[in-house]
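> Following the hints, position chain R against chain E.
One line per chain: the protein sequences are E and R, in this order.
For my numbering, add 74 to where a residue sits in the first sequence, where the first one is 1.
For my numbering, add 74 to where a residue sits in the second sequence, where the first one is 1.
I should point out that these hints are in silico values taken from the structure, not numbers from a laboratory.
Everything hinted at is true.
Put simply, identical chains are the same to the list, so a pair is met inside one copy or across any two.
Here are the simulated SDA-like pairs of lysine to any residue, each with C-alpha atoms no more than 25 angstroms apart in a straight line:
(1) K219 / T207
(2) K144 / L100
(3) K87 / L100
(4) K219 / G203
(5) K219 / E251
(6) K87 / P133
(7) K115 / A177
(8) K148 / N99
(9) K87 / V128
(10) K219 / T245
(11) K77 / K117
(12) K157 / G241
(13) K87 / N141
(14) K148 / D211
(15) K77 / T245
(16) K148 / S127
(17) K157 / E205
(18) K117 / N168
(19) K219 / Q230
(20) K148 / F138
(21) K148 / T167
(22) K157 / K170
(23) K219 / D229
(24) K87 / R97
Protein chains: 2
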Amino acid sequence: MNKVALISIDYQKGFDHPVWGQRNNLDAENKMALLLAHWRKNKWPVIHVQHCSVEPNSPLRTGFAGNEFKQETKPITGEAVFKKSVNSAFIGTNLKSYLEDNAIQSLVIAGLTTDHCVSTTTRMAGNYGFEVTLVSDATATFDRKGEDGIHYTADQIHNIHLASLNGEFCTVKSTDEVLNNFM
Amino acid sequence: MNKVALISIDYQKGFDHPVWGQRNNLDAENKMALLLAHWRKNKWPVIHVQHCSVEPNSPLRTGFAGNEFKQETKPITGEAVFKKSVNSAFIGTNLKSYLEDNAIQSLVIAGLTTDHCVSTTTRMAGNYGFEVTLVSDATATFDRKGEDGIHYTADQIHNIHLASLNGEFCTVKSTDEVLNNFM
Chain E
75 MNKVALISID YQKGFDHPVW GQRNNLDAEN KMALLLAHWR KNKWPVIHVQ
125 HCSVEPNSPL RTGFAGNEFK QETKPITGEA VFKKSVNSAF IGTNLKSYLE
175 DNAIQSLVIA GLTTDHCVST TTRMAGNYGF EVTLVSDATA TFDRKGEDGI
225 HYTADQIHNI HLASLNGEFC TVKSTDEVLN NFM
Chain R
75 MNKVALISID YQKGFDHPVW GQRNNLDAEN KMALLLAHWR KNKWPVIHVQ
125 HCSVEPNSPL RTGFAGNEFK QETKPITGEA VFKKSVNSAF IGTNLKSYLE
175 DNAIQSLVIA GLTTDHCVST TTRMAGNYGF EVTLVSDATA TFDRKGEDGI
225 HYTADQIHNI HLASLNGEFC TVKSTDEVLN NFM
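Next comes chain E alone, as it looks inside the complex (with noise of 0.2 angstroms):
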């Protein structure tokens, strides 16, 4: 099998502010979890993007308590992180290079939130040629309102996020289905 990387995009406890607002899918994190778990029992390559605010009042800004991972989705010893200031984890990084180097061909993404750090870092890892798998129920998002002034909830953003991606940029699963594709 091709080394498949798992990349977890921004699992950072800054997301819990209230700022951002209502989020679908909490269970993200656990299903996140369990990808973790299973990628370092195989000893496959796992990688964490980490979200660095340069923004002052960013609830991801270095230096403030939530620019940490959270707890159930942090890395250990060996793991690579890579920090980014954009939402590309291509952009201003040397992710590009690290999978080039490492012969990794094959992502499976997932992350916070869907439509922005997530979206945009599987566009690019698409269309720079990797496959890329992108696991539904371990990414989340939420509520907008458009400059219309309509509001849509956080499970109508991701859902169509999804289906604007797969297919396109990447192949969308579940967490089950990666777990039992990459064995």
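Same frame as chain E, now just chain R:
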């Protein structure tokens, strides 16, 4: 005023092929034509992006009639054309260095399709630090079915993607707003 480039994405005849399904906002080409006329009158930079698909049966494949630009939005002499084969106009092209070499920091982006090539290009532009305006009514997409089997209309997809992009990667404006803001 900063130099502001208009980027017209993938306005090609192949998007009239029935394979793409139901489209929203059939007036998008007319809106782009208004933007192009305004940019040309002011002698501001205009950039066209052309999708040159490498998929055997894509209507947008190089050499197929569908690869050609649409009549109402096609380039005129002196306008830059960037050919791409993935969604992002920044991957596999020298668009980024072209913008930097020409001291262009602000972009007005519109085209086809909202959630694939327009979104991906807008995300990378924003993450690279360009100031991006995305023109809602000069942009359109197609109905899609999710991996969950649910059918989403082009309007639902279009509106939710604009909500996710606005304020994070770009500012979403209408053609009228852009014509009035950039004078």
